[in-house]
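Listed below, chain by chain, are the residues.
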Amino acid sequence: MEPNKLEQDIKKKLGARSITPSPMAWDRLDAMLSVAEKKENKKKPIVMWLSMAACFVALLFAGIFYLNRESSNVKNGIDDGSTVVSAPEKKVENITPAVIKEEVIMETAAPIAEVPVAVTAKKRDNKVQPKVIIKSQPIPGLPQVETPKQEVAVNTPEIEKSANIRPSKIKVDAAALLASVDKASQNPTQHTSAVAVAPGPAKKTIDVNANTLLTSVEGELDQSFRGKVINSIQKNYNTVKTAVVTRNRE
Amino acid sequence: MKVIDLHSDEKNLIKEAAANNRHAQQRLYSKHSGKMLGVCRQYIKDLHLAEDVMITAFMKVFANLKNFEHKGSFEGWIRRIMVNECISYLRVQKKVGFLEDEYYKEESFNNIESNLSVDDIQNLIDSLPEGYKMVFNLYCIEGYKHQEIAKMLDISEGTSKSQLCHARKMLQEQVNKLKNYENGTE
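Listed in order, the protein sequences are those of chains A and B. Per the working numbering, the first sequence starts with residue 1, numbered consecutively. Per the working numbering, the second sequence starts with residue 1001, numbered consecutively.
Here chain A stands alone, though its shape is the one from the complex (with noise of 0.2 Å):
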């Protein structure tokens, strides 16, 4: 369908076609551009005000997702900024058996000597708590020694802080603990690292990995008490701080 001459000549004309508007029509054209540039004007404001809001919703979110994350790990014993207490590996001899039932070693800063301990879960008004008792246990054939109690938690740095060590009433002599060790060490075929509790023909050896067990403790151990532990101890220090504070400042 082209266009015919009549179409082609309405085009001519209508095209060309110029009709002066009214003289007020630029007036409320520019008022109506006002108003839109006043309104722009009042926009920019607005959406700087938003902007700072959702940013600062955006940080809270992100403040309470982190902590609530952290709490998570604190209630699942990880904790990514925290020391692990873990003993290290070592030969544990059993002289006897039948009173002792498993030798841990713990290695510690100062040269205390190495002796076999037990390992209990102690229970404490109902509530298992969740620590390793390091016992000495009484050598035939050296001095007696009394190596402080040592209460050590397990995957808490709080617990690492607040290890309770309660001084013995009987004093350790370090150099003839030290001593002793050394002698009973002297057999060429044991380590340094294994214990020579006592010279005897029917030793029996135990090795226990300490991993291992603080693994299968911390199995048995409940989410929620694990938890309240947590608090205990926390308070627990927070009591200790303030006392040592207390009395410094005295």
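Keep in mind the hints are simulated off the structure, nothing from the lab. Here a beta-carbon is modelled for each residue, glycine too, at the ideal position from N, C-alpha and C. A few of these clues could be false.
[Stated by the list, open to error] Facing chain B, according to a computed beta carbon distance under 10 Å, are these residues of chain A, among others:
#1 N4
#2 I10
#3 K13
#4 L14
#5 G15
#6 I19
#7 L33
#8 E37
Since the structure of chain A is provided, determine the placement of chain B on it from the hints.
Leaving out everything else, chain B in the frame of chain A:
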């Protein structure tokens, strides 16, 4: 040289108007408002309403001046905005109705040569139903294709063709009537 100067002058004017320079905006308005009111008048019978629509369309022109890429003619760009504004106005007013009639005849109309004035032509177009008028304006005066018209008016291509066919038929009848009236045969 003069053409280049004019072109660069308009370019600068557009740039200034885009930066909300009211003087530049007024100059652009003064330059194009006459023709654009004529465009609006093709679609809207009432001149005052056509002026209102033109002002609204000019608002859109100034708001979107930053988007004008200087690829085509500025007048053509404004004209397009005017046409779209007229269509949307008529749609909002629900003055347009399209019969989904896909009947059209591919026939050539009699080549009538007319010495009709612009006002007569406008009166003839005004006498058409809104649907016919719109399709006729878009196809014959603005030069849109049926596919584009169908998209703009949200109708089928066949409907657009049939509307044009009916519009042409009506126009020719009226022109013939007018001619016969002038010749005194009717």
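Here's how the hints hold up against the structure:
1. N4: With a closest approach of 5 Å, the A:N4 hint holds.
2. I10: This interface hint holds because 5 Å falls under the 10 Å limit.
3. K13: Since chain B brings a Cβ to about 5 Å from A:K13, closer than 10 Å, the hint holds.
4. L14: holds, 6 Å
5. G15: Status holds, d = 7 Å.
6. I19: Status holds, d = 4 Å.
7. L33: holds, 6 Å
8. E37: holds, 6 Å
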